[in-house]
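2 protein chains.
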Amino acid sequence: MAPSARPSGRRSRIESLSNPLIKRMRLLREKRHRRAEGLFLAEGLRIATEARETGILPQWLFATEEGAAHPLARALIDAALAHGGEVIDTTPAILSKLSGKDNAQTVVGIYAEPALGLADLDRTAAPIWLVAERLRDPGNLGTMLRTGDAVGAGGLILLDDSTDPYGVEAVRASMGAIFTQKLVQTRWEEFHVWLRAGPGQLVATWLGDDTLDYQAARYEAPTFILIGNESQGLPSAYAAAADLRVKMPMMGKADSLNAAVAAAVMAYEVLNQRRGV
Amino acid sequence: MAPSARPSGRRSRIESLSNPLIKRMRLLREKRHRRAEGLFLAEGLRIATEARETGILPQWLFATEEGAAHPLARALIDAALAHGGEVIDTTPAILSKLSGKDNAQTVVGIYAEPALGLADLDRTAAPIWLVAERLRDPGNLGTMLRTGDAVGAGGLILLDDSTDPYGVEAVRASMGAIFTQKLVQTRWEEFHVWLRAGPGQLVATWLGDDTLDYQAARYEAPTFILIGNESQGLPSAYAAAADLRVKMPMMGKADSLNAAVAAAVMAYEVLNQRRGV
Numbered sequence: 056m057a058p059s060a061r062p063s064g065r066r067s068r069i070e071s072l073s074n075p076l077i078k079r080m081r082l083l084r085e086k087r088h089r090r091a092e093g094l095f096l097a098e099g100l101r102i103a104t105e106a107r108e109t110g111i112l113p114q115w116l117f118a119t120e121e122g123a124a125h126p127l128a129r130a131l132i133d134a135a136l137a138h139g140g141e142v143i144d145t146t147p148a149i150l151s152k153l154s155g156k157d158n159a160q161t162v163v164g165i166y167a168e169p170a171l172g173l174a175d176l177d178r179t180a181a182p183i184w185l186v187a188e189r190l191r192d193p194g195n196l197g198t199m200l201r202t203g204d205a206v207g208a209g210g211l212i213l214l215d216d217s218t219d220p221y222g223v224e225a226v227r228a229s230m231g232a233i234f235t236q237k238l239v240q241t242r243w244e245e246f247h248v249w250l251r252a253g254p255g256q257l258v259a260t261w262l263g264d265d266t267l268d269y270q271a272a273r274y275e276a277p278t279f280i281l282i283g284n285e286s287q288g289l290p291s292a293y294a295a296a297a298d299l300r301v302k303m304p305m306m307g308k309a310d311s312l313n314a315a316v317a318a319a320v321m322a323y324e325v326l327n328q329r330r331g332v
Numbered sequence: 056m057a058p059s060a061r062p063s064g065r066r067s068r069i070e071s072l073s074n075p076l077i078k079r080m081r082l083l084r085e086k087r088h089r090r091a092e093g094l095f096l097a098e099g100l101r102i103a104t105e106a107r108e109t110g111i112l113p114q115w116l117f118a119t120e121e122g123a124a125h126p127l128a129r130a131l132i133d134a135a136l137a138h139g140g141e142v143i144d145t146t147p148a149i150l151s152k153l154s155g156k157d158n159a160q161t162v163v164g165i166y167a168e169p170a171l172g173l174a175d176l177d178r179t180a181a182p183i184w185l186v187a188e189r190l191r192d193p194g195n196l197g198t199m200l201r202t203g204d205a206v207g208a209g210g211l212i213l214l215d216d217s218t219d220p221y222g223v224e225a226v227r228a229s230m231g232a233i234f235t236q237k238l239v240q241t242r243w244e245e246f247h248v249w250l251r252a253g254p255g256q257l258v259a260t261w262l263g264d265d266t267l268d269y270q271a272a273r274y275e276a277p278t279f280i281l282i283g284n285e286s287q288g289l290p291s292a293y294a295a296a297a298d299l300r301v302k303m304p305m306m307g308k309a310d311s312l313n314a315a316v317a318a319a320v321m322a323y324e325v326l327n328q329r330r331g332v
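Residue numbers (this note's numbering), protein chains in the order written: chain A, 56 to 332; chain B, 56 to 332.
None of these hints come from the bench; they were simulated from the model. Treat the hints with care, as some may be off.
When chains are identical, the list treats them as one kind, so a pair holds in a single copy or across two.
[Unchecked claim] DSS-like, lysine-lysine: derived pairs with alpha carbons at most 27 angstroms apart:
#, residue 1, residue 2
1, K308, K237
2, K86, K237
3, K302, K156
4, K156, K78
5, K86, K156
6, K152, K78
Build out the structure end to end from the sequences listed, making use of the hints.
Structural data, given as structure tokens:
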């Protein structure tokens with residue numbers, strides 16, 4: 056990105072859909088443009104405020120007149136400007152175009168993608184880490200981030216060809232946890248080498264044989280909870296490489312849970328064993 | 056629906072999108088047509104096979120040549136015909152139109168909506184029941200049905216203005232549990248009167264004061280787990296009417312979980328207390 060394309064602490068007004076900045080930001084709904092720009096889009100005052108409280112401010116902040124008048128938006132605008140961001144007063148129609156929704160939020164922030172690698176993680180900083188393999192559904196991805204925040208996890212490690220965590224739908228489902236959870240996109244081979252170079256218990260949710268009941272297992276921090284692809288589950292080689300293979304009881308006809316649900320049931324069990332209620 | 060419009064144990068072939076039956080079945084993607092016909096659409100051999108194993112057969116079954124050749128499809132076709140259903144051999148393009156997806160499944164079944172009321176439920180038949188209030192997201196709804204099946208719940212009671220459980224997206228997310236879980240759509244007032252006319256502990260997931268840790272609470276069967284609207288949570292009057300108000304620990308910045316995740320974490324706790332691992 057050319058230096059001239061960066062914002063710098065000013066406030067402006069845009070009312071035309073054909074404005075070049077609007078055109079550019081609309082492209083962030085596509086993954087290849089997000090990747091090229093290193094930017095992503097988050098809608099709504101609630102998420103932007105969570106980001107601000109974590110010390111993360113938007114590079115661009117778009118707000119309608121109604122949105123800008125909200126007390127939380129005023130704090131956000133001041134902080135964004137002080138941080139060198141650009142605040143753009145605009146129309147509801149333009150915000151709808153940016154977010155791709157009919158009933159758009161009143162603010163939309165454009166943020167830098169952190170682009171962390173495994174080497175950037177301090178695995179001992181949190182007792183739980185979620186690891187998802189070929190996660191396809193952005194709603195499941197965002198929900199896992201949200202659950203990770205709730206259980207005090209450190210972050211989410213996405214293996215192999217998972218859906219883009221910075222897409223609008225995943226960001227929305229994360230309810231702000233996209234800013235509080237560390238996020239690493241890598242491959243199994245690299246993850247496995249990194250994992251074994253330090254402390255950590257790898258626990259696979261597994262539908263095959265050689266499993267423990269998920270409540271009978273004993274978890275050790277940092278616990279890495281490994282969840283497989285929505286329709287195919289984990290490759291057997293990944294399950295075999297885990298320290299524990301565990302299964303939740305299935306009382307009905309189904310033999311599996313939704314991936315985000317399985318991650319949450321597991322993560323709460325690990326948390327519960329730690330807190331010893 | 057006129058009696059002449061019912062199928063009756065025959066097999067036919069349709070290759071034109073303008074065929075009147077195809078036009079009629081395509082309309083089932085809209086709620087008002089589902090309601091008028093008392094029918095809904097479920098895609099895929101896996102779901103149709105789960106339905107068959109529960110004794111539920113489609114009134115119409117559409118299959119591509121590839122779909123009809125599968126051994127499970129053959130069993131399904133025989134059962135549907137024996138049960139008075141109509142089997143229609145058709146093209147992938149027509150199946151895509153029926154399901155509204157580009158990569159359609161190879162079979163699509165059209166099923167009668169059960170249309171149960173509270174009076175049809177035997178509350179003592181299962182130890183757990185899920186109750187959702189103004190549930191808006193069809194993916195959450197289907198996921199709750201799937202979780203209900205997994206924990207051995209009796210079914211899902213939908214209160215007030217919830218999304219239609221018979222929409223394509225909810226049926227898909229249920230992974231077949233739409234056929235194994237009882238489903239009742241009613242209003243809070245009616246539910247509350249029915250609940251208090253028999254045994255049952257109403258447990259509200261609640262973010263306000265006067266709550267127990269969800270693991271410190273003791274659950275009694277049948278336990279009715281009450282989950283609130285995705286963005287607003289439960290009305291305080293509903294929470295006040297519950298026997299218990301419980302909260303999951305929240306270790307991060309978030310103060311709530313995804314609705315389907317909250318239902319699952321609660322339901323597994325109730326199940327775990329019962330099985331006493």
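Hints versus structure:
{"no.": "1", "hint": "K308 x K237", "in the structure": "between (36 angstroms within a copy, 14 angstroms between copies)"}
{"no.": "2", "hint": "K86 x K237", "in the structure": "within (19 angstroms within a copy, 40 angstroms between copies)"}
{"no.": "3", "hint": "K302 x K156", "in the structure": "neither (39 angstroms within a copy, 33 angstroms between copies)"}
{"no.": "4", "hint": "K156 x K78", "in the structure": "within (16 angstroms within a copy, 29 angstroms between copies)"}
{"no.": "5", "hint": "K86 x K156", "in the structure": "both (17 angstroms within a copy, 22 angstroms between copies)"}
{"no.": "6", "hint": "K152 x K78", "in the structure": "within (10 angstroms within a copy, 33 angstroms between copies)"}
The structure does not agree with numbered hint 3 stated previously, though it agrees with all others.
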